[in-house]
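Peer 1: Listed here are the chains, written in short residue letters.
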Amino acid sequence: MKVKLHVWRQKDKSTPGHLVDYDVDGIEPDMSFLEMLDILNESLILKGEDPVAFEYDCREGICGCCSLTVNGIPHGHQKGTTICQLFMRKFSDGEDITIEPFRAKSFPVIRDLIVDRSAFDRIIQAGGFITVGTGMAQDANSILIPKKIADLAMDAAQCIGCGACVAACPNSSAMLFLSAKSSQLNLLPQGKPEKLKRARAMIAQMEKEGFGSCSNHYECEAVCPKEISVQFIAKFNRDYLAASIKEGA
Amino acid sequence: MFKYLNHLVISKFVMAFSGAYLLLFITGHLIGNLQLFMGREPFNAYANFLQSIGEVLWAERIVLIIAAILHIITSIYLKLHNYKLRGEKYAVRKYVKAGLNSRTMIWTGLMILAFVIFHLLHFTFGVIDSKNYNYQELYTKNAYAISFAGDIEQANQQSMSMEALNPEPIVYERHDVYKMVIMDFRNPWVSLFYMIAVALLGVHISHSLQSAFQTLGISGPRFTRFIRPASIVYGFFIGGGFLIIPLSVLLGLIGGNI
Chain D
250 MKVKLHVWRQ
260 KDKSTPGHLV
270 DYDVDGIEPD
280 MSFLEMLDIL
290 NESLILKGED
300 PVAFEYDCRE
310 GICGCCSLTV
320 NGIPHGHQKG
330 TTICQLFMRK
340 FSDGEDITIE
350 PFRAKSFPVI
360 RDLIVDRSAF
370 DRIIQAGGFI
380 TVGTGMAQDA
390 NSILIPKKIA
400 DLAMDAAQCI
410 GCGACVAACP
420 NSSAMLFLSA
430 KSSQLNLLPQ
440 GKPEKLKRAR
450 AMIAQMEKEG
460 FGSCSNHYEC
470 EAVCPKEISV
480 QFIAKFNRDY
490 LAASIKEGA
Chain C
613 MFKYLNHLVI
623 SKFVMAFSGA
633 YLLLFITGHL
643 IGNLQLFMGR
653 EPFNAYANFL
663 QSIGEVLWAE
673 RIVLIIAAIL
683 HIITSIYLKL
693 HNYKLRGEKY
703 AVRKYVKAGL
713 NSRTMIWTGL
723 MILAFVIFHL
733 LHFTFGVIDS
743 KNYNYQELYT
753 KNAYAISFAG
763 DIEQANQQSM
773 SMEALNPEPI
783 VYERHDVYKM
793 VIMDFRNPWV
803 SLFYMIAVAL
813 LGVHISHSLQ
823 SAFQTLGISG
833 PRFTRFIRPA
843 SIVYGFFIGG
853 GFLIIPLSVL
863 LGLIGGNI
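Chains as they are written, first to last, in this note's numbering: chain D, 250 to 498; chain C, 613 to 870.
In short, the hints are calculated from the structure, not lab data.
Wrong hints could be hidden among the right ones.
[To be verified] Each computed DMTMM-like pair below joins lysine to aspartate or glutamate, with the alpha-carbon atoms no more than 25 Å apart:
1. K397/D with E470/D
2. K696/C with D404/D
3. K696/C with E470/D
4. K339/D with E277/D
5. K696/C with E344/D
6. K354/D with E470/D
7. K743/C with E700/C
8. K260/D with E309/D
9. K354/D with E700/C
10. K706/C with D488/D
11. K706/C with E443/D
12. K709/C with E476/D
13. K701/C with D404/D
14. K251/D with D404/D
15. K706/C with E476/D
[What the hints assert, rightly or not] Residues of chain D placed beyond 12 Å of chain C at every Cβ, according to the derived structure:
16. G275
17. D306
18. T318
19. K328
20. M455
21. C469
22. A491
For glycine and all other residues, C-beta sits at the position ideal for the given N, C-alpha and C.
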């Protein structure tokens, strides 16, 4: 297989970037998208050029490190997969592929296709935790949780924090991330003590980090590699409304 | 007063609540307007009834004006705020789920605002085309008597322009809203303008109904499956409902007797 790539190259945060064209040959259809980039990088190194910088870790679709926007869609056109799990057989021979970083003001480009997503960590620090008693571990099953609630909390907990929701949102809003991370705790008894504080603290941090507001385009849900539902955003809004009423705006 | 704008989710609640009120008003306005198809007497009686409940009408108008102002200011603020926070523009951008209706809310909204200003000057204040605005239904003693006898359609035949002199003493008069609407919509340019504006209103509403519920946290697997298509149907209902009025006048389906 052969593809024609248009790759975003940017030296560092302060230098403006631009798209550079590369022809990549000798690709096996069963290679992953990142392996295809490895092939490109090997050829660039052999030519004495700078390889394309991109972020990855597990290459199994569970770590949330890869962050490429391929042909205008974060994580590419295949629904419910990270870009590392998208295989070259899903592209046609000779196809034009544009690769850009996740774009949002709160995700500044560090180099080429790598963006700084530490804003997400700071949002988690603001409210994505629970109080845990020290001492002996309590009996398993001493806190009863209905299956339906446990399943819903697990759905929310699937979020790998990759940031595709922000990259896809026309407003660069982090509401899907925020709602998943708060719902996985708010739904369970262990998360109840901080429930009211959590929604407000996380939103305040999100505003501080410079993410936009939600306009219900649902583009986040469409590109989320874990297919997290926007119903968690509605739930988050409910929690926030309740917190504002109980604790004052 | 506008301190809430610093809080993104509260701003969204303001958008949803004010939008919901505007949507209720629009629905009532459409149902009222559709009485045009029932003929001159019921329509003018309805218009007259609205004018007669002065205080209630003004209370409703004040809430409406506040809702509209909040809706407009908040939306423009959020749009500018979000625009600033976008990163560099994508060279290639493909939308998977976001429809044209959700992505053009601010533009359809601003065009609807421009239309509402025109519409108020046109039909409420009568600044534009005041000749048609000033039509009055004049009831002479006889016509009044006939109308009381039960034959209302007969009574209305006496209607005419303000400038016209009526030889019989006038005992009762009221604003001839029906004639004003018919005469104005016979102008194809006015009708075309209204039809485009209400079509945009329909597009705006097709996103807003379900969006308001989502923002206010009213959501669930079954409800979402229902409300998203229902929102599009509602947009068609409102846009189409308003659109058939100028269209029917242009085609001569209503107002033929004027």
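Peer 1: Broken hints, numbered, in rising order?
Peer 2: 2, 5, 7, 8, 10, 11, 13, 14, 18, 19, 20, 21 and 22
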